Amino acid sequence: MTPSTIDPERLEGWNRPPIIEPDGEGDLLEVAMGPHHPSTHGVFRMDLALDGERVIRLKPVFGYLHRNHEKIAETVSYLATMPYTDRLDYICSLTNNWAYALAVEKLVGQEVPERAEYLRVILGELTRAQNHASSIGFLLQEMGASGTPLMYAFREREKILDLFESLTGSRMMCNYMRFGGCRVDASPVWLDAVRKVVAGLPAFVDEFERFLSGSEIVMARCQGVGILKPELAINAGVTGPMLRASGVNYDIRKVDHYGIYDRFKFRVPLGDHGDIYDRYMVRILEIRESIGILEQALKGIPGGPVMDPKAKIRNFRPKPGEAYGRIEAPKGELGFYLISDGGPNPYRYRVRPPSLINLTVLEDMCLGSNVADVVLIFGSVDIVLGEVDR
Amino acid sequence: MAVDENLKIELGKQGVFVTTVEELYNWGRRSSIWPMQFGLACCAIEMIATTMARYDLARFGAEVFRPSPRQADMMIISGTVTKKMAPQVVRLYNQMAEPKYVIAMGACAISGGPFKQGYNVLKGIDRYIPVDVHIPGCPPRPEALLQAFMTLQKKIDAQPLTGEGRPRHLDAEAQGEFPVPVEGEHDLEPASNKGVWTVPVVIR
Numbered sequence: 001m002t003p004s005t006i007d008p009e010r011l012e013g014w015n016r017p018p019i020i021e022p023d024g025e026g027d028l029l030e031v032a033m034g035p036h037h038p039s040t041h042g043v044f045r046m047d048l049a050l051d052g053e054r055v056i057r058l059k060p061v062f063g064y065l066h067r068n069h070e071k072i073a074e075t076v077s078y079l080a081t082m083p084y085t086d087r088l089d090y091i092c093s094l095t096n097n098w099a100y101a102l103a104v105e106k107l108v109g110q111e112v113p114e115r116a117e118y119l120r121v122i123l124g125e126l127t128r129a130q131n132h133a134s135s136i137g138f139l140l141q142e143m144g145a146s147g148t149p150l151m152y153a154f155r156e157r158e159k160i161l162d163l164f165e166s167l168t169g170s171r172m173m174c175n176y177m178r179f180g181g182c183r184v185d186a187s188p189v190w191l192d193a194v195r196k197v198v199a200g201l202p203a204f205v206d207e208f209e210r211f212l213s214g215s216e217i218v219m220a221r222c223q224g225v226g227i228l229k230p231e232l233a234i235n236a237g238v239t240g241p242m243l244r245a246s247g248v249n250y251d252i253r254k255v256d257h258y259g260i261y262d263r264f265k266f267r268v269p270l271g272d273h274g275d276i277y278d279r280y281m282v283r284i285l286e287i288r289e290s291i292g293i294l295e296q297a298l299k300g301i302p303g304g305p306v307m308d309p310k311a312k313i314r315n316f317r318p319k320p321g322e323a324y325g326r327i328e329a330p331k332g333e334l335g336f337y338l339i340s341d342g343g344p345n346p347y348r349y350r351v352r353p354p355s356l357i358n359l360t361v362l363e364d365m366c367l368g369s370n371v372a373d374v375v376l377i378f379g380s381v382d383i384v385l386g387e388v389d390r
Numbered sequence: 001m002a003v004d005e006n007l008k009i010e011l012g013k014q015g016v017f018v019t020t021v022e023e024l025y026n027w028g029r030r031s032s033i034w035p036m037q038f039g040l041a042c043c044a045i046e047m048i049a050t051t052m053a054r055y056d057l058a059r060f061g062a063e064v065f066r067p068s069p070r071q072a073d074m075m076i077i078s079g080t081v082t083k084k085m086a087p088q089v090v091r092l093y094n095q096m097a098e099p100k101y102v103i104a105m106g107a108c109a110i111s112g113g114p115f116k117q118g119y120n121v122l123k124g125i126d127r128y129i130p131v132d133v134h135i136p137g138c139p140p141r142p143e144a145l146l147q148a149f150m151t152l153q154k155k156i157d158a159q160p161l162t163g164e165g166r167p168r169h170l171d172a173e174a175q176g177e178f179p180v181p182v183e184g185e186h187d188l189e190p191a192s193n194k195g196v197w198t199v200p201v202v203i204r
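As they're listed, the protein sequences go chains W and E. For the first sequence, this note's numbering gives the first residue as 1, with consecutive numbering after it. For the second sequence, this note's numbering gives the first residue as 1, with consecutive numbering after it.
Hints in this document: simulated from the structure, not taken from any laboratory. It is possible that part of the hints are untrue.
DSS-like mimics (lysine-lysine), calculated; alpha carbons at most 30 Å apart, straight line [unchecked claim]:
hint, chain 1, residue 1, chain 2, residue 2
1, W, K196, W, K106
2, W, K312, E, K84
3, W, K71, E, K154
4, W, K71, E, K123
5, W, K265, W, K299
6, W, K229, W, K71
7, W, K59, E, K83
8, W, K254, W, K159
9, W, K71, E, K83
10, W, K312, W, K106
11, W, K299, W, K254
12, E, K84, W, K59
13, E, K116, W, K71
14, E, K116, E, K84
For clarity, every value in this text was computed on a predicted model and none was experimentally measured.
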């Protein structure tokens, strides 16, 4: 951080209202937080204007990890984009695969076999569990609980990554879904291993919650901080746990009926204050619901092929048209919008990243709070820079 | 001058520990490499996983991630360096105190990786700063990062304190600051640091 005094006039045009006025005493400080800041989850910059400890303006600066994902995807074939989607939200690559496969399947009208749908649900929910666990770990890390909660989260994450690795061959960049199914079949041994890991998850969540949920420090730092009003959340297009923590019942698994989520019984956890603590709690409860879905899916998984035998892989040229496929990724609505002109690569390829759109309300949540809380509020949004900048 | 190994063992049996200043100095340096807490992209998650319980980077004396470049001995370039980020990376490297080392982790950091064709991606950080260890992989497994640590430790161990190949902080004429690239009209300027990077010769 490099503090320097600034002229209030320089803040003109920095941002839109609502803007908190400085109280007129003392100088304003301009602080550039990032791009190298331990709490920014990578490379993200926030230009803060501070009146004492109070944040009166916040300007996010994006683009430090802009890797030309969309442009590259428009120059390579549909299938060759699949590994690039892994690197969007690199903590949960499998849900990215799923959303992209869903968009292409919508574009060409491809059906997916039953077993592949089940496998997708199993992998998607495992991804959700590990994403939420590690995002809570990172949040606690930023709160000052240096290392320990993150170690608990990563211990569980490693178990899930082992499952990913034994099925797909890679710990993080799975590249597993295909248009019309999944790349390889899961063996009974693998399914047993999943059952074992899923059976151990509730104990992990209980332990995690025992240490954190009632912790005085967590409550003091999280409750009533970074409040997001439901109206603003809806207007800004916020989705995922952020939106549900504000009390809006909107889960694409329930609303959009994609995949086979209609067959599973699960509840959508909602918060009612919209503060950091609610976001934390919604994530904890979502892990619990994911465990329920996993148990049902593991019980009901049928036999059969994992790939539609009629699915075309080589020389894949969809008819001209457009499609939008979206899923409930762990961070919110992840959508892929494709326009085909009949060629081997998409004419237009657009990602609707939940991280970026959830981040647009950052300033509204941070204004008026202390600069130390900005770190927590930012952490509670749960972003991944690969997806924000693409 | 190294101590004769047999003599060392013989003296060790008598309860006498013999070493050289160089060995002791390098032992101290290699046993507590503090990396900079600095993540760029996907590889940063694997870097975090390396510090966690299963892979436990603490065994190598390197678990103390320092957020400030002033306190760090080593920089792990963990992920894609974009053209917007490259000046910041070089500046952070300049701010580190000597002796300093760099591990380029992952395909993106060493060459641009899968995003090489992108207009905004730097094709390898070794164009601007000297890299000691390259780790291929997308992302490399935590074991690969541990291997890189051990390679770096061997490298530090082998550095003499005087003469050719000594660490830069003992070399009064060594280059300490590296020019920070600036965003030019079309690309970063200069396109590479000529003293650090030369165009590789392709043998066909």
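Structure-inconsistent hints, enumerated in ascending order: Per hint list: 1, 2, 3 and 6 violated.
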